[in-house]
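Asks: Construct the entire structure; sequences and hints are all you get.
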Amino acid sequence: MRRLGLLLACLSFTTLALALDAERDFTDPELQQRYETLAQELRCPKCQNNTIADSNAPIAADLRRALRDQLGAGRTDEEILKFMTDRYGDFVLYRPPFDARTWLLWLAPGLLLLAGLISAAIVIARKARAPIPEDTDTGTDIA
Amino acid sequence: MWRYVLPVIGFLVLAGFFFVGLGRDPAALPSPLIGKAVPAFTLPSVEDPERMVSSDAYRGRMWVLNIWGTWCPECYYEHPVLMEIARRGDVPIVGLDWKDQREPAQEWLKKLGNPYHANAYDEDGRVGIDWGAYGAPETFLIGADGIVLHKHIGQITLEIWERDFEPHIQAAKKDHAPGRTS
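Chains as they are written, first to last, in numbering that gives the first Met the number 0: chain A, 0 to 142; chain B, 0 to 181.
Any given hint could turn out to be false.
[As the list claims (entries may be wrong)] The calculated lysine-lysine pairs, modelled on DSS-like cross-linking and capped at a C-alpha distance of 25 Å, are:
1. B/Lys172 / B/Lys35
2. A/Lys81 / B/Lys35
3. B/Lys110 / B/Lys98
4. A/Lys45 / A/Lys81
5. B/Lys98 / A/Lys81
6. B/Lys98 / A/Lys45
7. B/Lys35 / B/Lys173
8. B/Lys109 / B/Lys98
9. A/Lys45 / B/Lys35
[Stated by the list, open to error] Residues from chain A that keep clear of chain B, each with C-beta distances beyond 10 Å, as calculated:
10. Glu40
11. Asp53
12. Trp105
FYI, nobody ran anything at the bench for these hints, they're computed from the structure. Ideal Cβ placement from N, Cα and C applies to all residues, glycine included.
Replies: As structure tokens, then:
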């Protein structure tokens, strides 16, 4: 059990490794923290299931550099995200916004689960109400 | 009866979604620049570092921006189409040589021909980001008023040019016909 706990503890550190950039970290720890957080909020437009934090693509490196420039220039998080969506659209946000176009995307898993549970409940309820069949000897006798 | 019909309906609905969805290109991001003002830039030209290429120079006429690079195979394949578009002479093509190197770019133009009215050299890719570039080739149509009209991601063909770009060009020509106030 202790080894399992140790293994889980080791695995949980994997998301903190962010050594893709050759540039040094920001000396200001708050800026560095914002950089790491925002890098996980932006999608790489080329390898589209990765954030720019964990993509090797050149465009991801370019966007990380743009992120550093924006942070260095003192922009707020909202301004930076707007900078990105102005150029790449909502798709560059790793978490799509919840609005009139994306509500189905967000709610579909929950709705499908709900539909599945309701169907299961109906089927179980029906089976519960059906009379238990008499134990008639319909099998072949192996005697 | 319903227990047989409902799954079929469910299947047809899903099939409909898949039919539409799988026919789309997931890598093609719609551009938020459409309908907005062109991202202004001034960069040295590919051929001559002393000469500047600026988006402002094209105000007042329709033009095309083509983002390309010598490292991009699709740009190689679409090059003959760009030559043909340049030959037709309807709109000038301005190149944005994106994250490339000068010498290979100059060699490329010498070897394959130069369809570009002007070619801006964007070595570090900063201007490319302003245009939302993520994979060359990308081709934009910009109106005379400086508003981005259309973006095509990927290799351009004459068919795509005639289907997606020409209508805007012809419409603009009509607006400038004599007797009309623009």
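Asks: So, for every hint listed, does it hold in this structure?
Replies: Status of the hints after comparison with the structure:
{"no.": "1", "hint": "B/Lys172 / B/Lys35", "verdict": "holds (21 Å)"}
{"no.": "2", "hint": "A/Lys81 / B/Lys35", "verdict": "holds (15 Å)"}
{"no.": "3", "hint": "B/Lys110 / B/Lys98", "verdict": "holds (20 Å)"}
{"no.": "4", "hint": "A/Lys45 / A/Lys81", "verdict": "holds (19 Å)"}
{"no.": "5", "hint": "B/Lys98 / A/Lys81", "verdict": "holds (24 Å)"}
{"no.": "6", "hint": "B/Lys98 / A/Lys45", "verdict": "holds (15 Å)"}
{"no.": "7", "hint": "B/Lys35 / B/Lys173", "verdict": "holds (22 Å)"}
{"no.": "8", "hint": "B/Lys109 / B/Lys98", "verdict": "holds (19 Å)"}
{"no.": "9", "hint": "A/Lys45 / B/Lys35", "verdict": "holds (23 Å)"}
{"no.": "10", "hint": "Glu40", "verdict": "holds (17 Å)"}
{"no.": "11", "hint": "Asp53", "verdict": "holds (17 Å)"}
{"no.": "12", "hint": "Trp105", "verdict": "holds (16 Å)"}
The structure shown violates none of the earlier numbered hints.
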